[in-house]
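Chains as they are written, first to last, in the working numbering: chain C, 5 to 279; chain B, 5 to 279.
Don't read these hints as lab results, they were simulated from the structure.
A couple of the hints might just be wrong.
Copies of the same chain are indistinguishable here, so a pair counts whether it falls within one copy or spans any two.
[What the hints assert, rightly or not] With a Cα cut of at most 27 Å, we get these calculated DSS-like pairs of lysine-lysine: (1) K210 with K96; (2) K168 with K231; (3) K64 with K108; (4) K43 with K104.
There are 2 protein chains.
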Amino acid sequence: MTYCVGLCLEEGLVFLADTRTNAGVDQVGTFRKMALFQKEGDRFFALMSAGNLAITQAVKEILLQGNLLNGNNLWNATNTHEAAVVVGDAIKQVYDRDFKALQKAGIDFNCNLIFGGQVQGEKPRLFNIYSAGNFIEATPETCYFQIGESKYGKPILDRVVNFKTPLNLATKCALISMDSTLNSNISVGLPLDLFVYERDQFKSDKVVTIDETNPYFSMIHEVWGEKLRNAFMDIPEPNWNGSRRGKTIISTAKRLGPVPIHRAKLKSGQNKKTK
Amino acid sequence: MTYCVGLCLEEGLVFLADTRTNAGVDQVGTFRKMALFQKEGDRFFALMSAGNLAITQAVKEILLQGNLLNGNNLWNATNTHEAAVVVGDAIKQVYDRDFKALQKAGIDFNCNLIFGGQVQGEKPRLFNIYSAGNFIEATPETCYFQIGESKYGKPILDRVVNFKTPLNLATKCALISMDSTLNSNISVGLPLDLFVYERDQFKSDKVVTIDETNPYFSMIHEVWGEKLRNAFMDIPEPNWNGSRRGKTIISTAKRLGPVPIHRAKLKSGQNKKTK
Numbered sequence: 005m006t007y008c009v010g011l012c013l014e015e016g017l018v019f020l021a022d023t024r025t026n027a028g029v030d031q032v033g034t035f036r037k038m039a040l041f042q043k044e045g046d047r048f049f050a051l052m053s054a055g056n057l058a059i060t061q062a063v064k065e066i067l068l069q070g071n072l073l074n075g076n077n078l079w080n081a082t083n084t085h086e087a088a089v090v091v092g093d094a095i096k097q098v099y100d101r102d103f104k105a106l107q108k109a110g111i112d113f114n115c116n117l118i119f120g121g122q123v124q125g126e127k128p129r130l131f132n133i134y135s136a137g138n139f140i141e142a143t144p145e146t147c148y149f150q151i152g153e154s155k156y157g158k159p160i161l162d163r164v165v166n167f168k169t170p171l172n173l174a175t176k177c178a179l180i181s182m183d184s185t186l187n188s189n190i191s192v193g194l195p196l197d198l199f200v201y202e203r204d205q206f207k208s209d210k211v212v213t214i215d216e217t218n219p220y221f222s223m224i225h226e227v228w229g230e231k232l233r234n235a236f237m238d239i240p241e242p243n244w245n246g247s248r249r250g251k252t253i254i255s256t257a258k259r260l261g262p263v264p265i266h267r268a269k270l271k272s273g274q275n276k277k278t279k
Numbered sequence: 005m006t007y008c009v010g011l012c013l014e015e016g017l018v019f020l021a022d023t024r025t026n027a028g029v030d031q032v033g034t035f036r037k038m039a040l041f042q043k044e045g046d047r048f049f050a051l052m053s054a055g056n057l058a059i060t061q062a063v064k065e066i067l068l069q070g071n072l073l074n075g076n077n078l079w080n081a082t083n084t085h086e087a088a089v090v091v092g093d094a095i096k097q098v099y100d101r102d103f104k105a106l107q108k109a110g111i112d113f114n115c116n117l118i119f120g121g122q123v124q125g126e127k128p129r130l131f132n133i134y135s136a137g138n139f140i141e142a143t144p145e146t147c148y149f150q151i152g153e154s155k156y157g158k159p160i161l162d163r164v165v166n167f168k169t170p171l172n173l174a175t176k177c178a179l180i181s182m183d184s185t186l187n188s189n190i191s192v193g194l195p196l197d198l199f200v201y202e203r204d205q206f207k208s209d210k211v212v213t214i215d216e217t218n219p220y221f222s223m224i225h226e227v228w229g230e231k232l233r234n235a236f237m238d239i240p241e242p243n244w245n246g247s248r249r250g251k252t253i254i255s256t257a258k259r260l261g262p263v264p265i266h267r268a269k270l271k272s273g274q275n276k277k278t279k
């Protein structure tokens, strides 16, 4: 599997992808799921992919070749939305080529992409592009997308990040979200590709590949678990005996009675015995 | 959907279930997913269910009726493992009755249970019972099971709980795990049924139904988010400029070079222009 997260914030964009792929547990590999496209001073795009690796590599190849799809490619698209249409069209081209054969083999056409960036004259934008080539765009209300094994790392994003979050803080959050996923699911693995895009830069100062030797990520991996355990220990335990110490957990719910307890039916003879 | 978590620890067992069911987003209901079975002084069992509600209710009905399945029911099983076989046999009975009709309707036979408890003379035991009626048992190395929407609430369990964790602390952890799930997935909802079983008690002192008015759960809901944000803010941000402040994130990975940046190919004319 895969875990990728992309954030679209006031100050810019954050892209983080793992690199583990697998076809069953006995065929595990390392493949890049992030691709970067730059025309300095004019545009910068990042693409992250989940799903069938043969499909996502084929899509990436079409984009790299720069062939025109309905007259456009990533280099001449007038804005990021138009560039997302190009990516969607690349998916449709792979679909047309491979779908029938995949269907015969009983394999889903599975392709889920996060694509974003900035074109001169526009703000940074972020899209989640589906298997059919259609897509949705992140907004200030919902400013991040996840693909792949998204659930483990969602709670921390939901609790910490919003559109106004500074870029470096959001980067930390993305890395913690990834660390939680790595800890709970072995189908997601190091190294990671991280790209932080500062609005209006049209270049890539902050691109780094992170493995177990990375000082910052190692710190997160060690310290976050510890901080989490400390935060956990800081919360009082449930109070079952009605004493004043701590909040009581004994309380009647408004709409629902207690769970019924089903008791063994004793035979009349047994009933007598116990009298 | 559903989220249920069951823990089997040195001191006893913890069972926590939500009560939201849905068949599509426009058919959301409240149904109990926990059932308790007691023969005082002799045995206590708890059952939690995820999957198709018609199937899991049918299984529960068979268990409540107490009919013998291959000679056994929950009341005469000699140990918890044998009781788990009874539960598995109840699933098989529902399968025999309904599978063909479900198949015709294109509906999976989907049933996933957590079942546990204690019979006099044995330690507490916990099982995860599958649709086929087969099951696995929790051990000191893997002391919890989750069913339903399990991923959101897994990281905190993985980080905090082990077999030696005191019962009340594990209860707190289960509630935090549930709170994370409730926050990130609307298919899981209040009220919750909580049952904490202390080893060798064979009764149910600690059974409570929790809704938004429960003082302890409300405190968890408010305070955990805050503690998590504080823990998050406590971790230094990535250092990109190589200064001494904080751990640097700029570091070369051992096995993998940086992500390549694909640059726009300029036509020779353009190249000349930029010279």
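Index of numbered hints that the structure contradicts, given in increasing order: 1, 4
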